[in-house]
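Put chain V on the given structure of chain R with help from the hints.
There are 2 protein chains.
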Amino acid sequence: MGNINFKDIQPEKIRLDKLSLPDDLKKLNFAQCDELCKQIRELLIETVSNNGGHLSSNLGTVELTVAIHRVFDSPNDKIVFDVGHQAYTHKILTGRLNKFDSLRKKGGISGFCKPCESVHDPVVTGHSSTAVSSAYGIASAMKIMGSKNYAVAVVGDGALTGGITYEGMNNAGKSDVNLVVILNINEMSISKNVGSMAKYLSTLRYKDSYIKTKDVVENVLNSTPVLGKPIKNALISSKNLFKNMVLNCTLFEDMGFEYVGPINGHDIKELEAGLKAAKNKHRPVVVTVYTVKGKGYGPAEENPGEYHGIGSFEIETGNPDVVADDSFSTVFGKELVHLGKMDKRICAITAAMKYGTGLQYFAKVFPERFYDVGIAEEHAVTFCSGLSVLGMVPVFAVYSTFLQRSIDQIIHDLSIGGVHAVIGVDRAGIVGDDGETHNGIFDIPLLTSVPGIKIYSPSTYGEVKVCLNSAVYRDHGVSVIRYPRGCDKTEIPGFRVVSTYKYSGKNNDLLVVSYGRLINNVLKAKDILMRENKDFDTLKLINVYPVADIVRNIIGEYDKVLFFEESFFEGSISQKIMSEFPNVKAYAIHGFIKQQTVEEAFEEVGFLPEQIAQKIRENIDGDKT
Amino acid sequence: MGNINFKDIQPEKIRLDKLSLPDDLKKLNFAQCDELCKQIRELLIETVSNNGGHLSSNLGTVELTVAIHRVFDSPNDKIVFDVGHQAYTHKILTGRLNKFDSLRKKGGISGFCKPCESVHDPVVTGHSSTAVSSAYGIASAMKIMGSKNYAVAVVGDGALTGGITYEGMNNAGKSDVNLVVILNINEMSISKNVGSMAKYLSTLRYKDSYIKTKDVVENVLNSTPVLGKPIKNALISSKNLFKNMVLNCTLFEDMGFEYVGPINGHDIKELEAGLKAAKNKHRPVVVTVYTVKGKGYGPAEENPGEYHGIGSFEIETGNPDVVADDSFSTVFGKELVHLGKMDKRICAITAAMKYGTGLQYFAKVFPERFYDVGIAEEHAVTFCSGLSVLGMVPVFAVYSTFLQRSIDQIIHDLSIGGVHAVIGVDRAGIVGDDGETHNGIFDIPLLTSVPGIKIYSPSTYGEVKVCLNSAVYRDHGVSVIRYPRGCDKTEIPGFRVVSTYKYSGKNNDLLVVSYGRLINNVLKAKDILMRENKDFDTLKLINVYPVADIVRNIIGEYDKVLFFEESFFEGSISQKIMSEFPNVKAYAIHGFIKQQTVEEAFEEVGFLPEQIAQKIRENIDGDKT
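Quick note, the sequences are listed as chains R and V, same order. In this text, residue positions in the first sequence follow the numbering used here: the first is 2, and each later residue adds one. In this text, residue positions in the second sequence follow the numbering used here: the first is 2, and each later residue adds one.
So here's chain R without its partners, still in its complex pose:
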């Protein structure tokens, strides 16, 4: 709106798309801000209803984000949103309003933070609990450079279950850098929040506001020779409440931070006052902000969990477009219930992904053997080792991309001691619109670095069950079952289901090897080529690692072998097989895959049936010349 005097504008005349953002934000009055927040909410609901994405967390942080940009000076001050589930408003306010309808689409705005997208996104985010560490790094660099700017970390309460947040706090707390950690507490992280910290934060909520209380306490202490009755009563009635109210000793202060809070996260005036107070500390400070997830959209407020990460939906009713009946995750979860009924040693562990990994069924039937450890993948694995050494059979279900955090624990706490544990690796392979940070393309290279590990990659629901049974009852040590996001659309009932491999038999000169869902596209390519009177043999691996001798024998029978693999190539199964067989040619993934649909990503990599057919065609034709 150029150099307009904002004072003269009625709040309802403020138009999000006419402002020069983020600069104009500081010129608005509170009523104008509220109107802006209303418009932002409408845009969030509209966009996520079309594109899918994270709704509840973003609806909860509209006022907070507006207040942050009014008090701080991005991009000179650096604002790091942990995970990025809460950064949509930030994106809208920092030059990405016009492209916001491309959210999570190929070539569009990312659902997470990306420095390549905007100078207002200082670091890549996507995995939880990194913000305090990276913001402390930024604040430390500012100090070295003599800058007076601030690093701001916006952290959800769920991220507090992750050890790296604590590691960052433990380090930053003793420093004197300009670091503001805003703790956004909505008591609703991805699954229900877990752990003692969550409980602590909920008690903290009922504390009187920081500045007011501190004054009262100081007056009391300084002026009263003997402590007054109200304080004594509080002392007797509630140890914690007293502690928080009177002494203002929060756990954060024990850890060396200044403390400001609690703040109503939907009141911009209160938010601004709190953030300004934090700014004036000129050293690390924690600000606790209490927000309502899904704020402003009825269905999301009522069921924030359902609107956390969501596909597209109908705004009027809140109905999601597609409700999946079953998926690899639910089949895995239900089979685990089946095993758990017969075998009391079976335990299920999730790292804050009870629903995502299909463990809600087990949790319901066997609450005493179900553990949601929070966003704590390191602990999850070591905890499994403890369960296992006493004879339990722990089954840890986790997304491939998040399992990257557990590699040391898998080596150190499971593999060295030969501890028996089962890991269900969900979202293995390309996941689509979440992009680089979430694709599960590194589990094969990382896990095959672990001595003695066994890896299954079933491609059908039936195989998931058989592999899980094999992992629980036949295997020793660490046994991994990896499966993709989504559904099995290809299962043909009646066939014998095995956990090893499936081979077409030797009928041709060319063998094509694959595993997981990609074998389906290889089979479609076979259909295409059969129509051209071209044929090849197929080998589907199910137990993909270690490579079985029988698999070696089959491959050894061919002059030419093509291996299609939905994994990062370096360290892949195909690379390993190539190291033994010079006649193998691999088609795998050679770098990060950007956000797009799985179909689009497959096309980019060359994994669509016609693309696979073309590669095979070249090799068959090549034979003939």
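One or more of the hints may lead you astray.
Copies of the same chain are indistinguishable here, so a pair counts whether it falls within one copy or spans any two.
[Claimed, not checked] In silico lysine-lysine, PhoX-like type, Cα no more than 25 Å apart, as pairs: (1) K277 - K39; (2) K270 - K8; (3) K561 - K586; (4) K282 - K200; (5) K345 - K149; (6) K144 - K345; (7) K270 - K280; (8) K28 - K616; (9) K342 - K144; (10) K100 - K27.
Everything labelled a hint here was simulated from the structure, so no lab data went into it.
Then chain V, alone, in the frame of chain R:
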């Protein structure tokens, strides 16, 4: 001592080697216990002076361990020593006295905990901060099984800097299992303890003892209508002290644990009272125990840091046998100082290994750009990303085995965004007597799984410097320099030092490839074979990954290539080269390497010069048949 009535025995007649341990421990009186502790200390000093190992931490926990075994009932109760630096007395008391002189020797007693060694070691330990998680797993299994036994985690204060400890506490704190976490606070973790938690623990030390204070406070609160003056004074004079004394609200209680402490860790009577109190809680409890590192051995008490992990030494004087003048670590550290003087962007980061990684020089010259983050390898990498995005050049020096904890952060916080950071990977390869948990044989497989990474493996001091310069000034993204433990004994001055490769030229039909220190044994093998009039060409890789085209070209010129590699084979450089060249044969490591000297380990793997010569001989002779 059979069924002897211990009451009748003079303390000085108690003989460690005559007791039936751990059972007889419970029959001793306190004076007898003190005598036993004296004998244990003598044995510890004697054994470590001969074999090397961890002295200070073990001398500090003699009484604590005796008390634990008197109060708890191992192996029915499970005692988990975090890391295992403090477990020597536990080993002596649980059936390993007779073999204790084999400590850290090939085939002998491990310097860490190993279930394969004793039923009294429930889990493998070696890496820090895992004990709470695994003990909580054990306690949870006990609960499922209806067992009334206890899981006990013995955790040093250093381990509290690691996020996984916090993840475990956050989970355990809300449970009702029989878990006792004994926090052994000596304010001297490997490097000087870092972070706000260390500061917190030191204030906690001066609190009055738990049970006594609680009684006093309750009396005061219940009987006095207005709070008494002493309490008010305490309230005014020290917020924290008051809080801890009167309200007994420790950070551990905020996290849901019961609390017992502080306890004098060298007073068995006090220890027993505290541990019994903890036992009676029947839910998760933290016990803080304050000990003196090196207790009972003058030189170690005075310089606990020097006697933390130590080679053999002379008992009378405390003089270590060998003082290394220089090592790969110190050369790396000193070169970093050199760069830091010219370039103010250079920052150095260590995870509690300032001395181990040679960063003490940088810390001294540039304290404002040096960061010891504690045992927090995850945070270290993400912190680097924050430093880097503002233009700093972070250099994180870390042991190969501990870098296993940072893989997700290297992918997520560095690689995706193309953030420039340098990682010095110390102790790469076989480290010797620390065994399976500490060998650095997985960094190549794990790091090559990271897109865009560059890896150097210098084999001389000169190359370390050149590679570091190249990493800092020529590379983008993540650049890694890996080097072994110990010294470069082979450097020939005057040669041109490069960071790429060294090739003998094409003179023979056989090429032998290697990198790092192993190339030295290849060259010795060449000397052996030259005397037999047998010869081969050599290619030493320095920039080992990604494999350079020129390296491919050289390898492509040979009919036969042997690759000797001090790395786990799966995911290794040799496996990658084999996947491109069928004429390459690899000799690498195929599993965990047990404790032994590096020389012994090399022999086991077949890496001694004569063994390498024999393998080459077979291949040269094979050519002729």
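Intra- versus inter-copy proximity for K39 and K277 (alpha-carbon distance at most 25 Å): Classified as within; 24 Å inside a copy, 59 Å across copies.
Given identical chains, is K561 near K586, meaning Cα to Cα at most 25 Å, within a copy, between copies, both, or neither? both (8 Å within a copy, 21 Å between copies)
Tell me, please, which holds for K144 and K345 at an alpha-carbon limit of 25 Å: within, between, both or neither? Only across copies: K144 and K345 sit 12 Å apart there, 56 Å inside one copy, limit 25 Å.
Within, between, both or neither, where K100 and K27 count as close if Cα-Cα is 25 Å or less: Result: close within a single copy only, 23 Å intra versus 73 Å inter.
K270 and K280: within-copy, between-copy, both or neither at 25 Å Cα: For K270 and K280, the Cα distance is within 25 Å only inside one copy (15 Å; across copies 50 Å).
Can you give me the call for K282 and K200, within, between, both or neither, at a CA distance of at most 25 Å? between (27 Å within a copy, 20 Å between copies)
Go through the copies and call it for K270 and K8: within, between, both or neither, with a Cα cutoff of 25 Å. Close inside one copy (17 Å), not across copies (74 Å); limit 25 Å.
Within, between, both or neither, where K28 and K616 count as close if Cα-Cα is 25 Å or less: neither (60 Å within a copy, 77 Å between copies)
When no copy is named, should K342 and K144 be tagged within, between, both, or neither for a Cα gap of at most 25 Å? This pair counts as between: shortest inter-copy Cα distance 18 Å, intra-copy 58 Å.
Identical-chain pair category, K345 with K149, by Cα at 25 Å: between (59 Å within a copy, 18 Å between copies)
Violated hint for the displayed structure: number 8, the only one.
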